[in-house]
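Visitor: Take the sequence shown: its letter number 226 is residue 394 in the working numbering, and every next letter is one higher.
To be clear, the hints were calculated from the coordinates, so they are not data collected in a lab. There may be inaccurate statements among the hints.
What the hints assert, rightly or not - Simulated restraints on C-beta separations:
1. Val-504 with Arg-250: 44 to 50 Å
2. Val-678 with Arg-341: 54 to 60 Å
3. Gly-198 with Thr-632: 24 to 30 Å
4. Asp-206 with Ala-405: 39 to 45 Å
5. Leu-751 with Gln-654: 35 to 41 Å
6. Glu-265 with Ser-418: 33 to 39 Å
7. Arg-549 with Glu-265: 17 to 23 Å
8. Thr-632 with Val-348: 44 to 50 Å
9. Asn-648 with Ser-497: 32 to 38 Å
Because the structure is a prediction, the values reported are computed rather than measured. Glycine is no exception: its CB is placed at the ideal position from the N, C-alpha and C atoms.
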Amino acid sequence: MTYSAPVHDIAHTLRAIAGLGDLMAQGLAGELDDDVVDAILEEAGKFASEQLAPLNRVGDVEGAHLEDGKVIMPDGFAEAYRQWVEAGWGGLSAPTEFGGQGLPLMLGMAVAEMWNSACIAFALNPMLTQGTVDALAIHATDEIQQTYLSKLVTGDWSGTMLLTEPQAGSDLRFLKTKAVPQGDGTYKLSGTKIFITYGEHELSQNIIHAVLARLPGAPSGTKGISLFLVPKYLVGADGSLGERNDIHCSSIEHKLGIHASPTCVMQMGDHGGAVGWLIGEENRGLNCMFTMMNRARLGVGIQGVGVAERAFQHALAYAHERKQGAVASTPPDQMVEIAAHPDVRRMLLDMKAKTAAARAICYVTAKAIDVAERAPDQAARAKAHAVAGLLTPVAKAYSTDLGIEVASEGVQVHGGMGYIEETGAAQHLRDARITQIYEGTNGIQAIDLVIRKLPMHGGEVVRTHIAGLRDIVDEVRGSNEAAFGQTADRLEDALAALAEASDWLLRAIVENQEAALAGASAYARLFGIASGGAYLAKGALAERRGGNGAAAFTGLARHFAENLSVEAPGLARSITAGAEAVLGGAETALGAP
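Work the whole structure out from these sequences, hints included.
Guide: Below, the structure is given as structure tokens:
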């Protein structure tokens, strides 16, 4: 279960596909240059491989457990976290005014991929802390920023999101946690939150909880929700830690995967109420929380990429180690590596191509966020913001779908041994399964894509996106490179399917929204296939221009186009002609809701 960070693949995707060089050339990446990028990726890869990867199996077997109200982490986690903090990794993409390095998010996401490949249960903690930093940097008062942000940036303190309640999961209209103003700028919070990742632990000195709650007399529904900062330990005026706040972990969940990540039930108000401070405006909590959640959704997409990469490496190593069967040239008394069998090679290529496509989508999304936050020109910011909005639900849903597919294929490559826990292949599948669920299920991401993002500016954002992908395909076709095979034709088929489905959905949103919703998940996958395939072709073109006649990326792009993107026309037909069967058939086959 060793892991070697794919630094070359990551760097190529950053530069040749996502456009890190453009960001630097435009002066939007500070003093970052290629040498610094290479150094960061190499050091992150080393830390991930040597310090975090060994924790993956230990964390799965030992898990986190609760003793006397304290969460006890598996062996090695506390020391690894200390080293992670001391190395300064927490501040990589954080604001410089609070001690961060201010480097582009796309570089931060590349490093986060390595953390997630090495040990996803460890990586969850920094991901949530970064979300807390983002929310406070944008929405908190100067006083709160000065008190909390520098410690969160270093990782000395960590952050969480407290949204879900027993009766309010994805539908936050029925949230009940209360926040009562005390007249001194503080609030007393009471209520129960569930599924809180890293809600309690001893890795960091303090935990800063971002809590959704209702003020007295607040409007019903989501328009009456506010966001509050609730620290585990109260913080003095000098920054020192004071008494324990009235927020505690009452239990932790026993889960299918990510065993080392404590998923907590958090209770507030057993002793008069947890002290909290308002973040942003009253009754505008969801706006503030979505600052955290949108970044976290991309982070979860990166989790899908990370687990897929680890599962691929695991399967590839086993396929070269395991000998079974024969091919045409095998002597009768010998066996071959299973990697020699065409079907196993197909599975391994599927795994690697899917991982590369998901990686490209996530990095391109991160680049759009960087431009939206850093460009000096307001029009450029607005354009990039729209692109980031369009791509974020795809990055989350498609990448995590592929993460699970790749992990499952990894089990298949192992054969019967993949079903045995000792080989470790099953852990990747168990760990990946949650990624389709948290930070908004993939079904919710698909709804967001179809109902909110697709209609932006009358559909022009998606049309511009498709036009950009077509430019890539045209360049592939114009290259006349035999190594591309039918790449251009198959990708053009996928883009035509995406354009057809997009136009149909834009009409259906107005005329028959239920029909549009019936095809939402298929559309998210279609969008991912068409975009990911074109992005791989873009990476292959750059590789060919570099003079590598036997380029590995070109082979991946061709495999994706000729073997995986062919799903796209069928998805388009499902979207444009399958709604009636879904809506009518459900009532007949499943009964009326």
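Visitor: Each of the hints needs a verdict: does it hold here or not?
Guide: Results for each hint:
{"no.": "1", "hint": "Val-504 with Arg-250: 44 to 50 Å", "result": "holds, 46 Å"}
{"no.": "2", "hint": "Val-678 with Arg-341: 54 to 60 Å", "result": "violated, 25 Å"}
{"no.": "3", "hint": "Gly-198 with Thr-632: 24 to 30 Å", "result": "holds, 28 Å"}
{"no.": "4", "hint": "Asp-206 with Ala-405: 39 to 45 Å", "result": "holds, 44 Å"}
{"no.": "5", "hint": "Leu-751 with Gln-654: 35 to 41 Å", "result": "holds, 36 Å"}
{"no.": "6", "hint": "Glu-265 with Ser-418: 33 to 39 Å", "result": "holds, 37 Å"}
{"no.": "7", "hint": "Arg-549 with Glu-265: 17 to 23 Å", "result": "holds, 20 Å"}
{"no.": "8", "hint": "Thr-632 with Val-348: 44 to 50 Å", "result": "holds, 48 Å"}
{"no.": "9", "hint": "Asn-648 with Ser-497: 32 to 38 Å", "result": "holds, 34 Å"}
The structure fails to meet hint 2 from the earlier list, while all remaining hints are met.
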